[in-house]
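In case you want the letters, here they are:
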Amino acid sequence: MSEQHENTYDAIIIGAGIGGLVCGCYLAKAGMKVLIAEQHYQPGGYCTSFKRKGFVFDAAAHSFGGYRYDGNMNKILRGLDLHKRITIKRYDPSDIIISPEYKINFWADLDKTLYELQSAFPDESVKSKDFFNFLTNPTPTDFVALRKKTFKDLLDRYFDDSRLKALLSIPILGNGGLPPSLISAYTGMKIYTEFLLDGGYYPKGGMQVLPNVLAQKFKEFGGELRLSTLVKKIQVENNTVKGVISEKDGFIPSKYVISNCDAKQTFLKFLGKKIVCKELLAKLKNMIPSLSIFVLYLGIDKYFETLPNVGSNVWFLPYYDIENLYLSAKNRNTTDLEYYMVRVSPDGKTILAFVNTPFKSKRYWINNKNNFLEAFMKWIEKNTIPNLSDHIVYKEAATPYTMYRYTLNYKGAAYGWAGTLSQFADSDFKKPSFIQGLFLTGHWTTYAQGIPGVAYQGYDTAKFLLKHEKLTFSKVHTGF
Amino acid sequence: MLENVEEEIISIISDVSETDAEEITLDSDLVKNLGINSIKAIEIVVALEKKYKISIRDEDVPKITTPRQIISLTENLITKRATSNV
Chain E
731 MSEQHENTYD AIIIGAGIGG LVCGCYLAKA GMKVLIAEQH YQPGGYCTSF KRKGFVFDAA
791 AHSFGGYRYD GNMNKILRGL DLHKRITIKR YDPSDIIISP EYKINFWADL DKTLYELQSA
851 FPDESVKSKD FFNFLTNPTP TDFVALRKKT FKDLLDRYFD DSRLKALLSI PILGNGGLPP
911 SLISAYTGMK IYTEFLLDGG YYPKGGMQVL PNVLAQKFKE FGGELRLSTL VKKIQVENNT
971 VKGVISEKDG FIPSKYVISN CDAKQTFLKF LGKKIVCKEL LAKLKNMIPS LSIFVLYLGI
1031 DKYFETLPNV GSNVWFLPYY DIENLYLSAK NRNTTDLEYY MVRVSPDGKT ILAFVNTPFK
1091 SKRYWINNKN NFLEAFMKWI EKNTIPNLSD HIVYKEAATP YTMYRYTLNY KGAAYGWAGT
1151 LSQFADSDFK KPSFIQGLFL TGHWTTYAQG IPGVAYQGYD TAKFLLKHEK LTFSKVHTGF
Chain C
2 MLENVEEEII SIISDVSETD AEEITLDSDL VKNLGINSIK AIEIVVALEK KYKISIRDED
62 VPKITTPRQI ISLTENLITK RATSNV
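Quick note, the sequences are listed as chains E and C, same order.
For the first sequence, counting from 1, position 464 maps to 1194 in the numbering used here; every step adds exactly one.
For the second sequence, counting from 1, position 8 maps to 9 in the numbering used here; every step adds exactly one.
Everything labelled a hint here was simulated from the structure, so no lab data went into it.
Be a bit skeptical, because a hint or two may be false.
With a Cα cut of at most 25 angstroms, we get these calculated DSS-like pairs of lysine-lysine [said to hold, decoys possible]:
id, chain 1, residue 1, chain 2, residue 2
1, C, Lys52, E, Lys878
2, C, Lys64, E, Lys1197
3, E, Lys1125, E, Lys781
4, C, Lys51, E, Lys1008
5, C, Lys54, E, Lys1015
6, C, Lys64, E, Lys878
7, E, Lys1003, E, Lys783
8, E, Lys1008, E, Lys1090
9, E, Lys805, C, Lys54
10, E, Lys1112, E, Lys1141
11, E, Lys1013, E, Lys963
12, E, Lys783, E, Lys878
13, E, Lys1197, E, Lys1008
14, E, Lys1193, C, Lys81
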């Protein structure tokens, strides 16, 4: 590591979302000198909470998955000895899917879930069992065989009933922003294995606790976290990363730069067209971001009778044409409310609901935010929570522009690049080969979705970089 | 042309699995010895398909459990592609 002494840092990570924090922790743990630069005043990215009028609201991410004993979140937190610092409870059922005719609970006990599905769709009974068997015991090669398939291909392999397929697809549409015909089978399966079949986990105190304990651990390992620090450029000489330029601190040298923020910004703004290779520039032009979200935050006077159980994600499916539900969300007008997710917070004091929606423009949301908020509340009152409006003491909403403002995710995209087949597992968005020392991590890599996904990518990026540095996770920073 | 394929494939597997190339033997089990999970398995296959302009058929995927099998399958597909291009 002799040459590294010329650098102020061994690695600079742009963005203190979960991916950046996990990556930073594992690099710092191995003895590297790491800086995380975050433009927001608190860490977490989409995994943050805020307080208003005594209520604590989760901003976007509201639960996570992958925390079974051998799940990635569990392994990552245990690897950092954080599992003891944070109390994580699993809410059961994690998800409830409601349509005009059906109600399906996703229980921690998979047999119970399967029984509900089989009772609702007896003709698909055997196929339902086969589908869940496949989802719970997939081998790596099963995933490889699906690399060119959509989630629709997978559903069609098992089921005939279009209503059942729509019910099984609504969490895919909500958590991935794409209908089954467009989302890769891999992404759809991961939403099942990591969000639904092993979902519903929540840290005591709110989602902000997760980034906070990671940030604290990172500092204990000797890492430096600079908040309210906006990166403007990644400095490159002779196709090699030299550091970053921040608005506040100017040039900060580093051997490696890991971008945990959006890929479009990383390539076009931080690097610029002169540095990025032509092929990638051409590819970027055609890449599509995922849909954004409109989030409703409600503070309620008390827990009342018509509310769903605390901590369960309730999905409302108004009808069964899932492709049309997607198109109508994608081309949304203010009043076109259809599917949504609504959830009572684990403390029973607030409600979070969201719908997928395109970015539109800042101006559009300034003009339409309040109408949208009111229409959304009424729609939830009509379909899921009767008498809701009698109990609201505080209401607020985040538009796609709010999502953008707090995270700088391109077009307020909720899940990085849209998880289509053509935008899946593209290594240019993970380890761009035309620049030495640059890595991307998080949900814009085309490899990850959701908290367990980005946490794993952060871990994986750290592991790859440490392999190059011939360091291991076991070596503890001398300053610790 | 095929001389370097073995070395190149081991290098891809080494990169993706974050294991030193020297530690990878032709008969290492990708899942058990090299810790290849679902996304890494896809990464390897996608990298091979891109690099050698080949397409690995679904029915061949379950057969890939060791570097030796990957190398042999890839070499066959490269040869087939070269022949069909003539």
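Hints and how they fare:
{"no.": "1", "hint": "C:Lys52 to E:Lys878", "verdict": "holds, 17 angstroms"}
{"no.": "2", "hint": "C:Lys64 to E:Lys1197", "verdict": "violated, 29 angstroms"}
{"no.": "3", "hint": "E:Lys1125 to E:Lys781", "verdict": "holds, 12 angstroms"}
{"no.": "4", "hint": "C:Lys51 to E:Lys1008", "verdict": "holds, 18 angstroms"}
{"no.": "5", "hint": "C:Lys54 to E:Lys1015", "verdict": "holds, 23 angstroms"}
{"no.": "6", "hint": "C:Lys64 to E:Lys878", "verdict": "holds, 18 angstroms"}
{"no.": "7", "hint": "E:Lys1003 to E:Lys783", "verdict": "violated, 46 angstroms"}
{"no.": "8", "hint": "E:Lys1008 to E:Lys1090", "verdict": "violated, 29 angstroms"}
{"no.": "9", "hint": "E:Lys805 to C:Lys54", "verdict": "violated, 36 angstroms"}
{"no.": "10", "hint": "E:Lys1112 to E:Lys1141", "verdict": "violated, 31 angstroms"}
{"no.": "11", "hint": "E:Lys1013 to E:Lys963", "verdict": "holds, 21 angstroms"}
{"no.": "12", "hint": "E:Lys783 to E:Lys878", "verdict": "violated, 49 angstroms"}
{"no.": "13", "hint": "E:Lys1197 to E:Lys1008", "verdict": "violated, 29 angstroms"}
{"no.": "14", "hint": "E:Lys1193 to C:Lys81", "verdict": "violated, 37 angstroms"}
When the structure is compared with the earlier hints, violations turn up for hints 2, 7, 8, 9, 10, 12, 13 and 14 and for no others.
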